[in-house]
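Participant: The lines below spell out each chain.
Protein chains: 4
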Amino acid sequence: MDRDILKQKLKTFKVEVPSWGFSDSGTRFKVFHIPGAARNIFERIDDAAQVNKYTQAVSSVAIHIPWDKVDDWKELKEYAENHGLKIGSVNPNLFQDEDYKFGSLTSLNEEVRQKAIDHVLECVDIMKKVDSKVLSLWLPDGTDYPGQGDFAKRHMLLLESLKKVYDALDEDMTLLIEYKFFEPAFYHMDTSDWGTAYALAKDLGDKAKVIIDLGHHAQGTNIEYIVSILSSRGKLGGFHFNSRKYADDDLTVGSMNLYELFLIFVELNKFFDLSSNLKPALVIDQSAAMKPKIQAMIQSVESLQISYLKSLLVDREALSESQKRNDVVSAEEIIKNAFLTDVRSTLRKMRKEIGINPSPLETFIKSGYEKKIARERG
Amino acid sequence: MDRDILKQKLKTFKVEVPSWGFSDSGTRFKVFHIPGAARNIFERIDDAAQVNKYTQAVSSVAIHIPWDKVDDWKELKEYAENHGLKIGSVNPNLFQDEDYKFGSLTSLNEEVRQKAIDHVLECVDIMKKVDSKVLSLWLPDGTDYPGQGDFAKRHMLLLESLKKVYDALDEDMTLLIEYKFFEPAFYHMDTSDWGTAYALAKDLGDKAKVIIDLGHHAQGTNIEYIVSILSSRGKLGGFHFNSRKYADDDLTVGSMNLYELFLIFVELNKFFDLSSNLKPALVIDQSAAMKPKIQAMIQSVESLQISYLKSLLVDREALSESQKRNDVVSAEEIIKNAFLTDVRSTLRKMRKEIGINPSPLETFIKSGYEKKIARERG
Amino acid sequence: MDRDILKQKLKTFKVEVPSWGFSDSGTRFKVFHIPGAARNIFERIDDAAQVNKYTQAVSSVAIHIPWDKVDDWKELKEYAENHGLKIGSVNPNLFQDEDYKFGSLTSLNEEVRQKAIDHVLECVDIMKKVDSKVLSLWLPDGTDYPGQGDFAKRHMLLLESLKKVYDALDEDMTLLIEYKFFEPAFYHMDTSDWGTAYALAKDLGDKAKVIIDLGHHAQGTNIEYIVSILSSRGKLGGFHFNSRKYADDDLTVGSMNLYELFLIFVELNKFFDLSSNLKPALVIDQSAAMKPKIQAMIQSVESLQISYLKSLLVDREALSESQKRNDVVSAEEIIKNAFLTDVRSTLRKMRKEIGINPSPLETFIKSGYEKKIARERG
Amino acid sequence: MDRDILKQKLKTFKVEVPSWGFSDSGTRFKVFHIPGAARNIFERIDDAAQVNKYTQAVSSVAIHIPWDKVDDWKELKEYAENHGLKIGSVNPNLFQDEDYKFGSLTSLNEEVRQKAIDHVLECVDIMKKVDSKVLSLWLPDGTDYPGQGDFAKRHMLLLESLKKVYDALDEDMTLLIEYKFFEPAFYHMDTSDWGTAYALAKDLGDKAKVIIDLGHHAQGTNIEYIVSILSSRGKLGGFHFNSRKYADDDLTVGSMNLYELFLIFVELNKFFDLSSNLKPALVIDQSAAMKPKIQAMIQSVESLQISYLKSLLVDREALSESQKRNDVVSAEEIIKNAFLTDVRSTLRKMRKEIGINPSPLETFIKSGYEKKIARERG
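Protein chains in written order, with the working numbering: chain A, 26 to 403; chain B, 26 to 403; chain C, 26 to 403; chain D, 26 to 403.
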């Protein structure tokens, strides 16, 4: 692909960052404090704006309810816009209330179930106020022991609950159903795999789609295959980008297997123009406990840009020809050659053209912003 | 459950054994020869009949085409019936022809694809001749390297191919779609998970269902959950029973985790009366390279009987009450108590009642059959 | 084995319970509160004594420093003894201090490393005061990203640190080195597998051994094999018993694969008389967030008793004969028959003989203790 | 690192190719025939020489006994030398003889065990004749079912057997012990992990080391960590390079996770100068059933060269500084920047300097050699 077209596409390739990615996080053993970690949604937007200032590749900020709850949603929307950002996907929280210990949207207790539904409906209301089009639903429900729950019964209740949520969505809104292999439940998850999420989304209708989190699969799972099948069936709605070596490690994007990330983009390009707005929600979702949060986010944005650029280099016509000939070696070489190409100079040139420093991480670190927030936020 | 009802249910609980389970098998490193291993479908039926003679728990023999191909299908059907058995599911072979190296039902080459479709249609014809109602399709298709194939394109071709097969089925026939995580392909499988198989079965219609092989999942997968979701959606069509510790090890049934097998039966009981004919195809599919074949099959039949019996002991009403109270401990205890109960005396009593020796494995070994076939078959 | 001998062995089969198993726990998403959860080491001993009251199978309580730190260790020791218990293994905490963010015993920072060593040495002091013979060391150290640390350098520092600890041990004390596949670190763990723990223990000397936690392995790992190899090399020092389906799920013992647990006991019996004192430390280590804590502990104790009893039923002489003949089927049948035997009546009889109720879980629940502590502890 | 030094190092960076990598291979389901696949050791050396002709990066050919057995070893040695190659590691075969069904070096049957020992001793003899210094031992021994074997007993027999082999080695010879997680045995492997191999090598002495095969680990295993620990303990003896996504897939090198391969080289560089002769045995071991064999081998050689080159770019001094500061982000950036650099131009320049075409794969394909052997070998 021509370098000018590459740069052009890159200029309009934007991703969403999560508000919660700028706050302290950790494991069940310890949450380590990062000096200056954001304490509320306004500080989170400040930090997201920093990521955008140095990369110009952030479109919006995903919010999490109730962590990011404010009294005045219009004010929040404007605050984001004044920082060059939109409010992106709205993420309900169904895991931090004692009531949800044995299930939320799947609870056998009607009251608890209704409470959970109401919370998600509250999120739909918030979407309307902040002009968000994406409801991103991760369901932590599941069981820890054989016998604890009835899978099919819970599945039916989940579908019922989701229908109520679905019906509240405007026509241009999308419900993203996220699946996860395990954690926090350790025997079964009510949406444990893409099959479940797909079946539910299919039952619900066109406004329901599936969102893939890179850390939510069994070891060995071919994620790019899932991307392809869901996309070809019109049911891929979004991504939670991060990395993992073991379980849902939530490491920064591209830190464990850049080739896999690249292959995912190769598939995405077949179905979407990722430089346009007509694309799945591309959201970073990470918990980089060991790294300064804004640096970690800049790293992840850059990894996505690099993977996207490399994926555009794949000569799809030649690839198709190799596939027709069953020439496995030449097909793989086409893919690998794209991946092996160093696209960082193209990235740097693009940055210069749009008036930002070609080295965002370095520039941000030198800016003194981290010291400032460490001081101000205590 | 009352012991008499237990015994009654056990008497009509029958499973299918695979013709290929009586022949030599092995790994890619070595096929070890078992003296007396069956060399053709008639010898395989002889051996299956031995398993049935000593257990009275075999309904039918799954056949594999072309391994079990004969000139006169009517003769084969009668041969089976004379041995107290039916011909069960018919299994096409799409992996042993050089033409299928790069795909069979998914091949980009129309000629190869048509050849594969024709082979499956041939199997449908055979079904009509031997009065089989189950077409059991395992698709080995997949790719070994990134770039080798186009997932979505292959998926579309697969659906097209399957439609042609589906249309050839009688109304009372079922197409079972088997999925597999990996092997023989090492980068992607065209039907890699239950989600794919379910989506295809849903597209095709009511005659298409999913078959679960216990060795075809990623490590950690909760198989009983899949049983439940597929069953509640009317799409569970059958089982390939075996065991594994690592990959598709194809060990004898129940040899690695009897608790998992029991939990699968607990789920099955919620949707089916396994002592009746209205149930999924319950087929043993193993490759017990280290064990004498008939002994291995008797072990597996017995493991299934034991797991089934134990599963019937679960007090489902009490369980439901515990679940409503969120009493995780008592719910689990109900399950575990059923599992911990020794049902072998019930099994032995049932055997006496139907006139067979209570110790089938021992009785078979003493019968001298193995020496006889070792001598006769060379 | 004769039932009387079985019962005799069972009477002196004792396990250790962890103080931390009686307090609130959870995942990184949420710690759910259990009414009456113990708040300090004295309440934890009270609760452990309840487990012992109803099972008579608890020898001691593992303590965790600083969670269980007291001013007067003599008082604690006597408090335990007055409740019929000893203080068991002492467990240092190297994961909850901000200083240890980038390593404790492996830190490049000498000051931090010395602090960690000092903490472990403090634990050795405590051992002397409470008459504990087992220092049980789980090292959370590791890295999250490639480049973050130098594996070999950290390994060398770890060995150095451990030498200082080792030298402080009395001759009759044991240092148990625990390994873990991943978590809290997500790229590498400094003691990631039994190979590392064994190599370190070998370097250190006879007082150093390895402790196995059932949740700390890669999926598929044959744990009973590790038991056998470590035991035969004189390096198995103890167990952390729990269950898992996915990662380090810390579920109650025996809840996922009772057969595996049984097979572990079969191996242990070859090297140790578990009914005596000359055995590895057998410690329950679980985090049963969804279950009332004392009930969960009683379940786990009972699972261990059942597995131990079943393992004693294995006819080792016959097994050895089958192995010599390469009779895989009969060898497996010997193992499976032991496992399939219902030993609960033997367990119940033993309980009657020693004067406790044959149904400890039920009896405990009915005792009203849980309501009492919920009220008293708030 | 200076480009000239890079090229210099690259010029003397040589790997070993396996004789068996030029012959037909497959899965347990099917061995697909590649036209022109080598039929004997002389044809295999011819093909290896082709790989070397176009890459100049092959030092030697690993041989497998008895597959590569010849009457006149001197003739074979000269044949290799005339083709610019040495005979590399000698690999005994302990898996294709009926006698070894239940074990070879671990067999309870003394006769079988002696036969296996004799076979390995025969390989030591061959080493002396072909001037090979590396005995590369992969042990397929293991069991399929609980009860089948006694782990500790087999371990002891294995050590005894290995001692006899060890004693027959000249002082400058190395015994490499290979471990494997599973396959062909499906319950336990007698050398299942690096811990076992290390313990055995330690018991044996300095001439015994461990060889790592990239496909022989549980999912998620951090292999570069094992490289580091074994190297720092003087026990890393060699590599079998290949790729896998699932199990021991034996795909071409670098086809699944190039970053992991690079990180392995980063570790190796800390302990060895891979451009010298004083290094572990670097052997390709693949079974590229879907690819023309020589093309596949050229791809793998190139992947190793690229990974090695990238690994040399790591600024180890700066990395060490970042590690000291606990600056996780800058440490990772140093690593990632090396990986993201396109080293292919350096590789091409080096090739021109030593007088070969910069595009070996393309040049080989155009050479017509494949057509020639397809014709000649039938």
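Treat the hints with care, since some could be wrong.
No distinction is drawn between identical chains; accordingly, a pair holds when it is met within one copy or between any pair of copies.
Calculated lysine to any residue pairs in the SDA-like style (CA-CA distance at most 25 Å, straight line) [unchecked claim]:
#1 LYS140 <-> TYR394
#2 LYS349 <-> ALA177
#3 LYS126 <-> HIS144
#4 LYS295 <-> LEU133
#5 LYS349 <-> VAL56
#6 LYS227 <-> LYS349
#7 LYS55 <-> LYS99
#8 LYS397 <-> ASN107
#9 LYS36 <-> ALA243
#10 LYS396 <-> ASP122
#11 LYS391 <-> ASP122
#12 LYS126 <-> THR52
#13 LYS295 <-> LYS349
#14 LYS304 <-> SER84
#15 LYS232 <-> ILE390
#16 LYS140 <-> SER345
#17 LYS188 <-> LYS227
#18 LYS349 <-> ILE390
#19 LYS55 <-> ASN302
#20 LYS99 <-> GLU185
Quick caveat, the hints were computed from the structure, so don't treat them as lab data.
Participant: When the structure is checked against the list of hints, which entries are broken? Sort them ascending.
Facilitator: Those not satisfied are hints 1, 6, 7, 9, 11, 15, 19, 20.
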